[in-house]
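Q: One letter stands for each residue in the lines below.
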Amino acid sequence: MLKNTSPHILDVDNVSKSFAGKPAVKNVSFTVAPGEIVGFLGPNGAGKTTTLRMALGLIAPGSGSVKLFGGPPGPSAFGRVGFLPEERGMYGKIKARNGIAHIACLNGMKRRDALKQADDMLERYGLGDAKHKKIKTLSKGMAQKVQLIAAIAHDPEFLILDEPFSGLDPVNQKLLETMVREIADRGRTIIFSTHVMEHAERLCDKIVLLSQGEKIFDGTLKQALAHAPRRLEIETPDAKAKTVFMPLADQITRDGDTYKIELRPDKEARHVLAASVKAKLNLIRFEPEKASLHEAFVNLVGPNVKHVGKGEKS
Amino acid sequence: MSAFLISPRRTYLIARQDFIGYIKTWGFWLTALGPFLGILFGIMAPLIMSKSEPTRYASILDETGLHANAIEQLLVTENNDGMKAALRELAKFTVPQKNKDAFNKALDEQGIEAAKNFMKQTSPFLAKNINMPQSKLVFIPPPANNMDKLKPYVLGTEKFDIEGETQTLSGVLHIFDKDGETKAEFWSTASTKNDLVRLANRYFTNQAANTYLEAAGLNRAELRKIRKNSVSVSTFNPEKQANDADGQKVTGKDRIPYIVAAGLAVLLWLTVFNGAYMLLMSMVEEKINKVLEMLLATTRFSEIFLGKLLGVAALTLATLLPWIILGAIGFYGAAQFADGAVADGLAKAMTTEMLIFLPIFFILGYVFYGSIFIALGALAESLQDASTLMTPMVLILTACIIVVPIGITYPDSPVLTAAAWFPFSAPFAAIIRLPSDPPLWETIGSVAVLIASCIFVVWGSSRLFAHGVLTGGGTASVKAWFSRVVLRKKNG
Chain R
1 MLKNTSPHIL
11 DVDNVSKSFA
21 GKPAVKNVSF
31 TVAPGEIVGF
41 LGPNGAGKTT
51 TLRMALGLIA
61 PGSGSVKLFG
71 GPPGPSAFGR
81 VGFLPEERGM
91 YGKIKARNGI
101 AHIACLNGMK
111 RRDALKQADD
121 MLERYGLGDA
131 KHKKIKTLSK
141 GMAQKVQLIA
151 AIAHDPEFLI
161 LDEPFSGLDP
171 VNQKLLETMV
181 REIADRGRTI
191 IFSTHVMEHA
201 ERLCDKIVLL
211 SQGEKIFDGT
221 LKQALAHAPR
231 RLEIETPDAK
241 AKTVFMPLAD
251 QITRDGDTYK
261 IELRPDKEAR
271 HVLAASVKAK
281 LNLIRFEPEK
291 ASLHEAFVNL
301 VGPNVKHVGK
311 GEKS
Chain H
1 MSAFLISPRR
11 TYLIARQDFI
21 GYIKTWGFWL
31 TALGPFLGIL
41 FGIMAPLIMS
51 KSEPTRYASI
61 LDETGLHANA
71 IEQLLVTENN
81 DGMKAALREL
91 AKFTVPQKNK
101 DAFNKALDEQ
111 GIEAAKNFMK
121 QTSPFLAKNI
131 NMPQSKLVFI
141 PPPANNMDKL
151 KPYVLGTEKF
161 DIEGETQTLS
171 GVLHIFDKDG
181 ETKAEFWSTA
191 STKNDLVRLA
201 NRYFTNQAAN
211 TYLEAAGLNR
221 AELRKIRKNS
231 VSVSTFNPEK
241 QANDADGQKV
251 TGKDRIPYIV
261 AAGLAVLLWL
271 TVFNGAYMLL
281 MSMVEEKINK
291 VLEMLLATTR
301 FSEIFLGKLL
311 GVAALTLATL
321 LPWIILGAIG
331 FYGAAQFADG
341 AVADGLAKAM
351 TTEMLIFLPI
361 FFILGYVFYG
371 SIFIALGALA
381 ESLQDASTLM
391 TPMVLILTAC
401 IIVVPIGITY
411 PDSPVLTAAA
421 WFPFSAPFAA
431 IIRLPSDPPL
441 WETIGSVAVL
451 IASCIFVVWG
461 SSRLFAHGVL
471 TGGGTASVKA
481 WFSRVVLRKK
491 NG
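Chains as they are written, first to last, in the working numbering: chain R, 1 to 314; chain H, 1 to 492.
Everything labelled a hint here was simulated from the structure, so no lab data went into it.
One or more of the hints may lead you astray.
Unchecked claim - Not everything, but these chain R residues come out facing chain H in the computed CB check (under 8 Å): (1) 78; (2) 102; (3) 107; (4) 275; (5) 279.
These figures come from a predicted structure and were not determined experimentally.
Glycine residues also receive a C-beta, built at the ideal position from the N, C-alpha and C atoms.
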């Protein structure tokens, strides 16, 4: 096992990859620090899965380099990483506990410990009744949970989850969020890809955003949200209100006495408040709207992106 | 090269998973127990059919008064001969070689009961449990003295009593003279039961031949004796040592090594076919299950590859175990009970070269074909894909089995020599050539060609495997892979 001399668990440096001449990932760089939960966001086909596969060493980058635990990804990291691939599946003919134990054993656990861990985790995540059932007899959601348990049963230092929420019903999405938080609370590092912003918004310390194979954002959730349009909802009966707001807003819509204002990038809500006070507007309501990651995403990616997962809310 | 570094534990876990995954299926046990079930069925079915068949009573209405007794006597004689032949066959597996002469003497001179008693002493268990089937055809005197009166018995409207039970007549053989010629008619409602007809036909054929020979002052017993003592051509081989037990004469035991080698080549072919098919199916199943990508995060390609080869090899061995056990029983039986020449021939088949090269060709043949089938399985997205990809390989394998009959009939054939250098046929051809003592360098050359081919195939298959697993595969991806990897058209 390589000793990690790098401050990062994962260091993706300027990697590119093409398939059949078509670029899938272009000069992507980002890092994942110990203990972070990183959301790897982007529409379908953005290059998330390819990047995660390169991070694991499953495929080699066409150019650039990847360091996992300070070394090249691959065998030296076996047992330290838990991976849930986008393509879901487990051995269909074996029992759930045996399937989990098999992956845990491959990750270095002793069989007896792996079976005990499998039983404990199946109980803990509501699948106690399924432990002796063959995986092919389980529902899709249950089988997906079994696979997730298989990915984390050996308690890896670093967890890579590729679209972990897809295919799960809202209840199980919530359960998965709880699982991710529990793992993170134990000091483990997690990167998960998704195109559903709400999960990232609730879970992530850091966001990496890909679009058409290129990284278009890498920063904290707060920084990401700064890219979302900031809006205010103001209620005032004053007829001059629109004139007061005009220099500060990109867009103003009016519905009776209620104004919806989209702020200019260089303006803050406090500027509108100051201008309102200065103009002696009779303010009945002054309400800044919470920025959403989805809007930040659309703002960053641009209007042509069609696969933003707004419709897949939990 | 890290691709060739392997963790024994992970390789074992992959192998174990493949082995356990299949061994728990019904299909495996049906395949494994198939030979035993087949043999059991083959033995039991005729016995059960024979036991369940009711005794059939038949009469001969012989108006000539010349043939009835002789036909009845022929039935008794044929039954005895059949029983003797069956006892002789049974004795091959129950009477040790050293007691064979005494057994044959008892059978020939003292009859069937004496032979059975002899067998009970040498193999009490077998002799006690094997009941020799008796003929179900029993002759009774005709219950009426003409055919018109007998027909109601044949139709079942009239019955008769025998040993306290009421019975029906299954048929009547009516023999009579008409227009100076002897005629025979069989009357029965069971038109498919023809054994009495066949018996009578044999009797009349023999009788005609005897009459013809006797008319010329000859008899059949003498003819048989003369034919038995006629000149027989012996074959000699100058390559054989004159001081061998048989001198330079070619005997049946000289052919045994070729037959054994052919059997081993067929066993290898079955192993390859069976194992390769299981590898392909295992790969397709895991692709359909989509578990491979998860495995690859914990296991090297090479470990999955080798684990699968080992797991399926163990599985193939388990599947073939019944055949191996049967073969071993056959070898043991031949050594213990068969003609000494057979035992000698078997010993001659297992030469030092055979014992050294047989496992080598088994392993190389399995690795060569197994690797190809793993790669094909990794490229397949569905069972239909697998079938399409497998067809050319099945054709190649089927073409390779042709070396077996060539090896038995023409062991020095140039075709066989060439086949031993061609990697697809080399494992089978090289094994079957061994009894004809090819130059050692040629056999080692075949091994070298196969090793080089295996390295190339494992390398290529590993790359195809990696490509197939991570790209989704499909037959179209083979073309893409070929273009990218083999033709080195860079795009990444």
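Q: Each hint needs a verdict: does it hold in this structure or not?
A: Right, here's what the structure says about each hint:
no.	hint	verdict
1	78	holds (5 Å)
2	102	holds (6 Å)
3	107	holds (5 Å)
4	275	violated (55 Å)
5	279	violated (61 Å)
Hints 4, 5 from the earlier list are contradicted by this structure; the remaining hints agree with it.
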